[in-house]
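A.B. asks: Given next are the chains, with one letter for each unit.
Protein chains: 2
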Amino acid sequence: MSSKVRLYVDHPLGAGQTVPLDRDQAHYLFGVMRMGAGDGLSLFNGRDGEWHAEVAEAGKRGGSLRAVAQTRPLALPPDLWLLFAPIKKARTDFIVEKAAEMGARRICPVQTDFTNSDRIRQDRLQAHAVEAAEQCGGTFVPSVEGLEKLGALLDRWPAERRLMFCDEARVGQAVPDVAGPSGAQGGAGDGPWAILIGPEGGFSPAERERLHALPQAKVVSLGPRILRADTAAVAAMTLWQLRHGDWQADGEPSGQGPTAPGGRP
Amino acid sequence: MSSKVRLYVDHPLGAGQTVPLDRDQAHYLFGVMRMGAGDGLSLFNGRDGEWHAEVAEAGKRGGSLRAVAQTRPLALPPDLWLLFAPIKKARTDFIVEKAAEMGARRICPVQTDFTNSDRIRQDRLQAHAVEAAEQCGGTFVPSVEGLEKLGALLDRWPAERRLMFCDEARVGQAVPDVAGPSGAQGGAGDGPWAILIGPEGGFSPAERERLHALPQAKVVSLGPRILRADTAAVAAMTLWQLRHGDWQADGEPSGQGPTAPGGRP
Numbered sequence: 001m002s003s004k005v006r007l008y009v010d011h012p013l014g015a016g017q018t019v020p021l022d023r024d025q026a027h028y029l030f031g032v033m034r035m036g037a038g039d040g041l042s043l044f045n046g047r048d049g050e051w052h053a054e055v056a057e058a059g060k061r062g063g064s065l066r067a068v069a070q071t072r073p074l075a076l077p078p079d080l081w082l083l084f085a086p087i088k089k090a091r092t093d094f095i096v097e098k099a100a101e102m103g104a105r106r107i108c109p110v111q112t113d114f115t116n117s118d119r120i121r122q123d124r125l126q127a128h129a130v131e132a133a134e135q136c137g138g139t140f141v142p143s144v145e146g147l148e149k150l151g152a153l154l155d156r157w158p159a160e161r162r163l164m165f166c167d168e169a170r171v172g173q174a175v176p177d178v179a180g181p182s183g184a185q186g187g188a189g190d191g192p193w194a195i196l197i198g199p200e201g202g203f204s205p206a207e208r209e210r211l212h213a214l215p216q217a218k219v220v221s222l223g224p225r226i227l228r229a230d231t232a233a234v235a236a237m238t239l240w241q242l243r244h245g246d247w248q249a250d251g252e253p254s255g256q257g258p259t260a261p262g263g264r265p
Numbered sequence: 001m002s003s004k005v006r007l008y009v010d011h012p013l014g015a016g017q018t019v020p021l022d023r024d025q026a027h028y029l030f031g032v033m034r035m036g037a038g039d040g041l042s043l044f045n046g047r048d049g050e051w052h053a054e055v056a057e058a059g060k061r062g063g064s065l066r067a068v069a070q071t072r073p074l075a076l077p078p079d080l081w082l083l084f085a086p087i088k089k090a091r092t093d094f095i096v097e098k099a100a101e102m103g104a105r106r107i108c109p110v111q112t113d114f115t116n117s118d119r120i121r122q123d124r125l126q127a128h129a130v131e132a133a134e135q136c137g138g139t140f141v142p143s144v145e146g147l148e149k150l151g152a153l154l155d156r157w158p159a160e161r162r163l164m165f166c167d168e169a170r171v172g173q174a175v176p177d178v179a180g181p182s183g184a185q186g187g188a189g190d191g192p193w194a195i196l197i198g199p200e201g202g203f204s205p206a207e208r209e210r211l212h213a214l215p216q217a218k219v220v221s222l223g224p225r226i227l228r229a230d231t232a233a234v235a236a237m238t239l240w241q242l243r244h245g246d247w248q249a250d251g252e253p254s255g256q257g258p259t260a261p262g263g264r265p
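Top to bottom, those sequences are chains B and C. The opening position of the first sequence corresponds to residue 1 in the UniProt record's numbering, with each subsequent residue numbered one higher. The opening position of the second sequence corresponds to residue 1 in the UniProt record's numbering, with each subsequent residue numbered one higher.
No lab work stands behind these hints, which were simulated from the structure alone. Watch out, some of these pointers could steer you wrong.
Since the list can't tell identical chains apart, any single copy or any two copies may satisfy a pair.
Here are the simulated lysine-lysine pairs, DSSO-like style, with alpha carbons at most 27 Å apart [stated by the list, open to error]:
hint : residue 1 : residue 2
1    : 4         : 218
2    : 60        : 4
3    : 218       : 60
4    : 4         : 89
5    : 89        : 149
6    : 88        : 4
All chains, please: the whole structure from these sequences, using the hints.
C.D. replies: Here is the structure:
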């Protein structure tokens, strides 16, 4: 893991581009990391790849950076949404962090019949996704959507987006090969998908019936033990990445290979 | 998820067996959960399966339970060890919790050249493993070993135990099919294995060289993004369970099927 500072900025990046810093960013770079004028770091904005930049001006309450050269192109993760029912604060934060690391493109908190929480701090969760992208070397930041009722989301579910639905009522049953025969694995080009992780109390009978009836849904079991929602999120994303995403098995090149479009150069 | 109380006890379980409670257990059952004499709960001790029990005597500082009947046999997870380098407290706790949920049989904190921490609270980590087993419906509790130097562990590495080693220097490379051809998948009977998760600073060049030279080692990459150690632990255990453990794909029965020996009835 590189010890080089990586910073997300909500600003266009290009050769010679000046990037202003807000007070928090200035505090982090110059106060916490003790950087000064001329020091180098990496920038990304989720759109223009990763850039090498230098500190142009260091101040206590602000400053600016200058983007020098692109070091990596944008690496979009596969077109995967993670839908989950918010749980206790620390575990919700954790799910968002893990979704960013594991390569989800969109994070959708959903309210289910048995969800306890009826609101989320969307800005705080988005900040967690940014921090995870800074940490994991990503050039993309998944968007954290507002809390929405699962039913409303299913009412307008896109016809082409498949939904991997982890039904804990199936604990102890075999794990289906959601990809079908292995020859059908499509790598990062395997079409749009979503993963739905249920709440701690499980899905209601009505929700379960509706999900099973959804033509786009594929029901999976996550092994013989009951997993907490945060564990289930990581395990389900691993399963999906192995079968449909950008974790490709040796000797099975598909799509454009491991470096694109969801991979790292 | 059942709302029934599940309690781990370090005591033999059998029909009619009386199980004394210590002060903490009494506080939890009678103070927190408001249970009283005659109320039912589930017990397990990691050896005798799960038992239905009733409160025999409820006191402020103690009490006793009576085991009535076995409700499930012992379900051992596959013979998998998880080796990891301790990191910050919350993430170390998390790794132990996840190892118990995901079905490791033994949890081994290891000290690597770049590990910051030189001690662990073994009793606290073991308590986390117990709590995770109570939560996830398990009948087995993995043992948390004392902190040991990675080199010392490798010096006496068992000849028959394979080691899945997650080398972050391979980030961006293809994920090897550690099972070889899919026909070779052996389910829960696939021999003893261990998974080694590196520290945040990565392995040292000397460690990497030694691990690559170990005949039992299989190097894997966990996809194109750098994962934090706690995420890597869950992802690697998922990968392993899918290919070698008790998460079996539909239509690929192997060993004794999904209910034994690592499964749930």
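A.B. asks: Now tell me, hint by hint, if it's right for this structure.
C.D. replies: Against the structure, the hints come out as follows:
Neither within a single protomer nor between protomers do residue 4 and residue 218 lie at most 27 Å apart by alpha-carbon distance, with minima of 41 Å and 30 Å respectively. Only within a single protomer do residue 60 and residue 4 lie at most 27 Å apart by alpha-carbon distance; the minimum there is 21 Å, versus 55 Å between protomers. Taking the shortest alpha-carbon separations for residue 218 and residue 60, neither the intra-copy value of 53 Å nor the inter-copy value of 50 Å comes in at or below 27 Å. Taking the shortest alpha-carbon separations for residue 4 and residue 89, only the inter-copy value of 24 Å comes in at or below 27 Å, while the best intra-copy value is 30 Å.
In the homo-oligomer, the alpha carbons of residue 89 and residue 149 lie at most 27 Å apart inside one protomer (19 Å), although the nearest pairing across protomers, at 35 Å, exceeds that limit. In the homo-oligomer, the alpha carbons of residue 88 and residue 4 lie at most 27 Å apart only across protomers (20 Å), although the nearest pairing inside one protomer, at 33 Å, exceeds that limit.
Violation of the numbered hints given earlier is confined to hints 1, 3; the remaining hints are satisfied by the structure.
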